[in-house]
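Engineer: Next come the chains, spelled out residue by residue.
4 protein chains.
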Amino acid sequence: MIISMEAGASQEQIQAVIGRIQELGYKAHPIIGVERTVIGVVGHLKRPQKELFEVLPGVENVVYISKPFKLVSKELKREPTVIDVEGVKVGGKELVIIAGPCSVESEEQIVTIAKAVRAAGAKMLRGGAYKPRTSPFSFQGLKREGLEMLAAAKRETGLKIVTEVLAIADIDLVCEYADVIQIGARNCQNFPLLEAVGRTSKPVLYKRGMSTTVEEWLQATDYILDGGNGDVILCERGIRTFETATRNTLDVNAVAVVKEASHLPIFVDPSHATGHNHLVTAAARAGVAAGADGLIIEVHHQPEKAWSDGHQSLKPDQFAECIRQVRRVAEAMGRTMG
Amino acid sequence: MIISMEAGASQEQIQAVIGRIQELGYKAHPIIGVERTVIGVVGHLKRPQKELFEVLPGVENVVYISKPFKLVSKELKREPTVIDVEGVKVGGKELVIIAGPCSVESEEQIVTIAKAVRAAGAKMLRGGAYKPRTSPFSFQGLKREGLEMLAAAKRETGLKIVTEVLAIADIDLVCEYADVIQIGARNCQNFPLLEAVGRTSKPVLYKRGMSTTVEEWLQATDYILDGGNGDVILCERGIRTFETATRNTLDVNAVAVVKEASHLPIFVDPSHATGHNHLVTAAARAGVAAGADGLIIEVHHQPEKAWSDGHQSLKPDQFAECIRQVRRVAEAMGRTMG
Amino acid sequence: MIISMEAGASQEQIQAVIGRIQELGYKAHPIIGVERTVIGVVGHLKRPQKELFEVLPGVENVVYISKPFKLVSKELKREPTVIDVEGVKVGGKELVIIAGPCSVESEEQIVTIAKAVRAAGAKMLRGGAYKPRTSPFSFQGLKREGLEMLAAAKRETGLKIVTEVLAIADIDLVCEYADVIQIGARNCQNFPLLEAVGRTSKPVLYKRGMSTTVEEWLQATDYILDGGNGDVILCERGIRTFETATRNTLDVNAVAVVKEASHLPIFVDPSHATGHNHLVTAAARAGVAAGADGLIIEVHHQPEKAWSDGHQSLKPDQFAECIRQVRRVAEAMGRTMG
Amino acid sequence: MIISMEAGASQEQIQAVIGRIQELGYKAHPIIGVERTVIGVVGHLKRPQKELFEVLPGVENVVYISKPFKLVSKELKREPTVIDVEGVKVGGKELVIIAGPCSVESEEQIVTIAKAVRAAGAKMLRGGAYKPRTSPFSFQGLKREGLEMLAAAKRETGLKIVTEVLAIADIDLVCEYADVIQIGARNCQNFPLLEAVGRTSKPVLYKRGMSTTVEEWLQATDYILDGGNGDVILCERGIRTFETATRNTLDVNAVAVVKEASHLPIFVDPSHATGHNHLVTAAARAGVAAGADGLIIEVHHQPEKAWSDGHQSLKPDQFAECIRQVRRVAEAMGRTMG
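Chains as they are written, first to last, in my numbering: chain A, 4 to 341; chain B, 4 to 341; chain C, 4 to 341; chain D, 4 to 341.
The set of hints was computed from the structure by calculation and includes no laboratory data.
Take these hints with a grain of salt, some might be off.
Which copy? The list can't say, so a pair holds if one copy fits it or any two copies do.
[What the hints assert, rightly or not] With a straight-line Cα cutoff of 27 Å, these simulated BS3-like cross-link-like pairs (lysine-lysine) come out:
no.	residue 1	residue 2
1	K118	K308
2	K92	K308
3	K146	K30
4	K53	K92
5	K70	K53
Modelling step: build the complete structure from the supplied sequences, incorporating the hints.
Structural biologist: Here's what the structure looks like:
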């Protein structure tokens, strides 16, 4: 950490900062410049809190040098984490596809879609039983009944189940049905929920918040890992920007940034990242080319009757074509698809 | 709602959209244009879901005409809501000040600050016992112990207590101590938590999310009102933008937009909206001039030793000066300050 | 400047960075930490270019300590700059109002509006003769003819003229008519244009770009000052964010940041910052309360027939009411209004 | 265009809007709803200006149905535009690579780099002779001398020359040397400059502004096409968002949106879109997978001594590896690389 003093900081102020550094158990390394003085803070184990110094008189600003996240960091664990989801390896050589509807609507619906996406190459089935909706007057999901329908689809197809949990109180129930529990974008900084899924042994598909920086996201991931659950699949799903032509802006840079910083696998959600079914395939290809370990794609056999997100869902034949194109890019990336 | 068809939409596609509108119980009003056809959808009671139409073949886009939020809307309730917090009227003629530290650190700390802010004109005391921190390795709050310290400060000063709740499991306990429960920015779209505080009878200070639009925020407010709790104080606390000179960007426009759209009171948090103590007073004045009903300001008697947010906290004498300046602006706005 | 080396940087890499620092004429101050080494760079006169070091092997990042802008800085000139616009003092105790239509449309129009805004308290008249329009198929301004109409309005009312210049080729002509030349938001980083107005002796009203940081804006202002023209009035006109309820987001924080960093006066444009006439007065009050030295407001006597920006223009009576409210806030701020 | 009236709009207000529509030569189609009335506006040829209606009493909002851009639109010209740059076909089956340094620094530098990038597969050479720099105190380019050096590099390698123009006054000179003239991001809405390059017969590489929406960008492109120059290569170079881990956020969605909306070719600039040389290759692959027709990449043989942008420049061997990876993705996309 580096503390830079104001141009006119007095000797007393500089000494006070040095005193505070030492009081907190760190070493101070002052550099006397022509215009101003900066002070290096050297410690061990725990990073000093920036805020403790920013408030001292004469301090202009304080800058961290080392990364703020720990357990997710490649500095801690060099080799990539490969997660075993009931036999499906996530984060390895294979590009893994999760597909399915936004919401579970009926057993017939979810089974029909499950069969279609399995045929096209998906290994896991998504489908929301608990839905975070902007308005309380929108459809909120079928809850336990929806989970039962997902179980039926799993029995029929063998696809692993990915489904979202919104509240701590529902985690136990969701864990009975899910192979992967999803934390949605709106809960990216819902720390009690992260801690709670960190205490389970289920793999977690953990989406980036719509305005969360990569650094904040990785710090928050530490909540899950710190709870003892290391099986986290990160998922970039588009960020909120000024652009209105698309629902969100797919941040492919973030895929590369995460790959460099962390040992965890990262997926891309091209459905939410674009918000329009005619843009999904291009975004899916881009995500894979950027280095993603998998994709999560919304598919509905009757998008015109879907209860939610129909406009960003692919029909089964569109999905099959999408996967054909994605497969070519995956192979160009040296990836396999089962 | 208005559905516009693509330039080349066929008669069959147009008829299919009209059929779907009628099937859902609405009336269809087509307008045949030179280049394209648009279809008005007229209903009653419940607004049709945009998504149900966006997916139909030939549809280019769908636009809502009426507002998506209901219970918070001025269309529903013309007169402003005035909330009685144990005798302190919020949303009336008086400008109400909430002040205190980011975190409760000790009884001595919170009582000292409480006395100072009361002397300067605050009516309520803020102080976090449960802290949402970006990293799991940062200080997380004193929890129940912190609530006890707030109670002590209330006994000493008579200030009403405002404190944040992060998890549904903590609501009952927090309600025993708090006069107003706070929902923080990161939980702006934590719908289960909103529903849960909607079932209490405590006034709620409900902060806008850092990237939540005003429309989404007001829709989410409906979760609280729909639960039966109408005592919501909205709070603009700065939004996330590209600007890095300040921690957030205070959106004073939002104050005016909310005042026009809703009957609920709205506060401004100039501490989080700027992130620097030397900018807080200017932002506080601006918020009041934009029409805010109150302010929530971070104050610490020893910001250089604060456990969190010290750099954006005012010292008691700075706070007193801030309030002197705010008072002049409040009077120019025709407001009183008790 | 502080250079931090990667955790695993070798001694050779560290020595290479130190060598490069010395080669460029600066002094190097290494700090050996437990995890990594950082190197302070101390110079004189000219700030070293960050980019020269970021590319060296083993360097993790480089951080500036001193501010990147010079001539606009308060460190260079402590006392506020007061600009004399033909007798109207800008940047002093008086709050100065500029008002008028978006575009000059006819002599009758501009004279009518000029009289109305003068009666309400404006000291200067705005009106575009050259219009930057998003589409080439929109009205582009009356050009020389429009300038003549502005001259007529000046003769009738004595108001000083503020009008925009888009191209270097038009500067001489515009200077013949304008008392203040305006650089619009889209030209905030049009450096050749800034240099060109820097070579004139006319005061410049210089708007922030819609996604320009305050730091970039102040750096770009140095282009004007460096050309020899020190009479720059900065103008915050709203920034582009994710929020869609308003045309832009008024950044009142920026007013306070500029006031701290620079000796130049700063205005607020509440018309563009909101985009809706019913929000203009609230934003105007907020801008003044944040510390602005003046306002520039769009006024049209027949907004329903305006050729551009009618929806954000106030009618003369609305403008008069706006100014009445602004005057109260200005007085609370210790300002006069002539 | 659809005009929606406020819930409480009077019959007189509705009739006034209808009258104004007819007065302007359009047809009005009112739809009387339960809560409010909306009015469809049907015209021909020229799109009515939204602003003319937004200001009428009782009008709540106005929404366009048809696209605001014309000449760039696929509705006007279905088949893709293929641009012939002295024999290099842009916008056809071949993926075209432009590469070179940020700034031309010396003849030796530019010739060395030109040879290296040609060897790796580039068809055109980039290099700035006129540099838009944030601060007036930074290096501004070698100007005419730099153009001469580019000419030397062209003689040596046969690479076509791409170089930026900042000011109208320099266009003629730049056209003598350039095969493609570049308009940079900061000039995306510098309309006089766009008009001026529209009057030349040189192909234009036209970068998106850092906060320009795709719709605004395409509208501004109409300025160039309207001047008679149809040879425009659009270039996505990253947008400004809240994320700070990268210099900009590459908007791959925009590539797909432009491909759907326009007949013009689109390139991606992974160097500016990421700002870090270690992220460039991932972004380049993603851009090609999203459908880009080409890439423009910064390359420097001695990035540690580059006068600008060294940290985002690839070394020749890194560039060669980047192109090897890009080639595989290009082939997966059915593209050739010469």
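Engineer: Does each hint hold? Answer for all of them.
Structural biologist: Structure-based check of all given hints:
1. Proximity of K118 to K308 under the C-alpha cut-off of 27 Å is restricted to the intra-copy arrangement: shortest distance 19 Å within a copy versus 58 Å between copies.
2. Taking the shortest Cα distances, K92 and K308 never come within 27 Å of each other, neither inside one copy (34 Å) nor across copies (45 Å).
3. In this homomeric assembly, K146 and K30 never come within 27 Å of each other (Cα to Cα): the closest approach is 55 Å inside a single copy and 32 Å across copies.
4. Neither within a single protomer nor between protomers do K53 and K92 lie at most 27 Å apart by alpha-carbon distance, with minima of 40 Å and 38 Å respectively.
5. With identical chains, the CA atoms of K70 and K53 are at most 27 Å apart both within one copy (13 Å) and between copies (20 Å).
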